[in-house]
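Student: So the chains spell out like this:
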Amino acid sequence: MPKSFSSELAFRSRRRRLLWLLAVLLVGVSWSTARRAVAGEHPADFRMVVHKGNPMSSASREFLTDVFLKRVSQWNGGETIHPVDQRPNSSVRKSFSENVLKRSVAAVRSYWQQRIFSGRDVPPPELDSDDAVVSYVGSHPGAVGYVSVGAKLGEARELTID
Amino acid sequence: MRRTGLLLFSCSSLLWASAAGAQDAPSSVQIHGFVSQGFIKTTENNYLAQSKRGSFDFSEVGINFTDALTDKFRVGIQLFAHELGPLGKYAPQFDWYYLDYRFTDWFGVRGGRTKLPWGLYNEANDVDAGRVPILLPQSLYPVANREFLFAQNGGEIYGDISLAAAGLLEYRAYGGTIFLNGVDTSAQLKDYGAPYMFGGRLMWLPFEGLQLGGSAQKLRFDIDYVPTPDQLAVYQMQGLVPANFSGTVSVKIPIALWVTSIEYQAHDLLLAAEYGRSYIEEKINLLIPTPSMVNQGGYGMASYRVNSWFTPGVYYSALFPDIHHSQHNRASYQHDVALTLRYDLTANWLVKLEQHYMHGTAGLTTALNDDKPLNTLTKDWGVFLVKTTAYF
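Those protein sequence lines, which keep their order, are chains A and B. Our numbering puts the first sequence at residues 44 to 205. Our numbering puts the second sequence at residues 4 to 395.
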């Protein structure tokens, strides 16, 4: 058998084994992801907050996703939206990210790294605490953020998710 | 010395900006940066660098500033330097700079030097922190093309159109030209450039996590050179020189490219696949037929974030540089199976290990391989890469 032919056969055999391995991995990972999505690994222990003057009382999860990924920049009334995040290691950020954005905090950070270094956009500012978010939202009419369930809302008010 | 100075400057900038970024109050000006150092080693064949013996000529550094002057008007600039084997050599360049006015969500205008929206990842080709693989699939994102197909100087319109229950449509359309920083010049070379480039991308996001669509691009490279007397004598002997020959050989290379893309992202899982072709002609003012080639490539990729610090990924990529004139030898294809392990050591520092199993020699260059023809290089070979990146 010519050497090149046997080399080709060996390559195809290796490739077939790798593709099988890949398929098995994909099935396992997809099952794990689906199970996590259905089970709701991270309970929604956060509240969305907006400025008291904001006329909206509720918003869809899809709308909030577009807002925090900066695909949408205006409220229905034309006011510019100013989304504000919390620090990546905070539990409220994790809960918000998994429940609203349907991505892990790390996946969202990757999304923003791509946007930042390709010159497309910059992420929402990240604040240190619920109080900082409430204070920011209370002083910016177009702002929207999220805080822990027990946080005092002050000049902000809750925005429910449809 | 110059490299050391640049790296020291970059590191001090990183530290200074990290400290600045630690302040609580959201600031209008955002500063971000990154520094990467890689190592590449191949079992056979030199790939991207002098990789057979192992090469550290694989590093990048960048810093950018973005400011929202008003709610709708933004400006930004990124300074970038890199080295990848013979490319880059740490020559600092403005990677991108722009003025951006977004009238509404469905219509915005940008002008300046902007990254080209081609496929899923062309704009983020430099962004090591934003992806799992060290090398994106080279069938569609060859790093050696960085100087040509990453950014353009011109204008762009863009927008996100809401389709209500049907999701979102994201469009980008651009036109301008490109600077050819990486072209070797010689006494014979009289002029070169790209008189035009235009294209666009349309992506449909039917629901969060899924996006699918396509990109297309058209451009032309022009090269004028004066042949040496010896070359001219050969052309004349072969009867290639037309009667009205001016003494300058003009080569025009029109290129058309398209790619279709699909990506699905949910929680920690990412799946992506793309397939594309490019059509290249070479029109010369000599009496020879117009050569043309059709390049074809595609890949499938998957990654899964196991926990906050560990993400493995895998892809299979296939490249066929000239499907219509293929000689059916090892230089007419490149099959690449890549496995990556990404470790996020801290929120701003990562390390990646990557192994490629390569079959075929397409995508290699003769210049890095002692001018040997590609079909004489080793057919089955491996690439091992390590890369670390700090970013903020």
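Quick caveat, the hints were computed from the structure, so don't treat them as lab data. Every residue, glycine too, gets a C-beta built ideally from N, C-alpha and C. A few of these clues could be false.
Unchecked claim - Every beta carbon over 10 angstroms from chain B, so not counted as near; a handful from chain A, in silico:
{"id": "1", "residue": "K95"}
{"id": "2", "residue": "S153"}
{"id": "3", "residue": "Q157"}
{"id": "4", "residue": "S161"}
{"id": "5", "residue": "G162"}
{"id": "6", "residue": "V165"}
{"id": "7", "residue": "G193"}
{"id": "8", "residue": "A194"}
{"id": "9", "residue": "E201"}
{"id": "10", "residue": "L202"}
{"id": "11", "residue": "I204"}
Claimed, not checked - Which bits of chain A does chain B cover? Going by a derived footprint, with three or more residues having C-beta under 8 angstroms, they are:
{"id": "12", "segment": "102-110"}
{"id": "13", "segment": "121-135"}
{"id": "14", "segment": "138-147"}
Student: Now, for every hint given, state plainly whether the structure supports it.
Tutor: Results of checking the hints against the structure:
| no. | hint | in the structure |
| --- | --- | --- |
| 1 | K95 | holds, 20 angstroms |
| 2 | S153 | violated, 5 angstroms |
| 3 | Q157 | violated, 4 angstroms |
| 4 | S161 | violated, 4 angstroms |
| 5 | G162 | violated, 4 angstroms |
| 6 | V165 | violated, 4 angstroms |
| 7 | G193 | holds, 21 angstroms |
| 8 | A194 | holds, 17 angstroms |
| 9 | E201 | holds, 22 angstroms |
| 10 | L202 | holds, 19 angstroms |
| 11 | I204 | holds, 14 angstroms |
| 12 | 102-110 | holds (count 3) |
| 13 | 121-135 | holds (count 4) |
| 14 | 138-147 | holds (count 5) |
In the structure shown, a violation is registered for the earlier hints numbered 2, 3, 4, 5 and 6, in ascending order.
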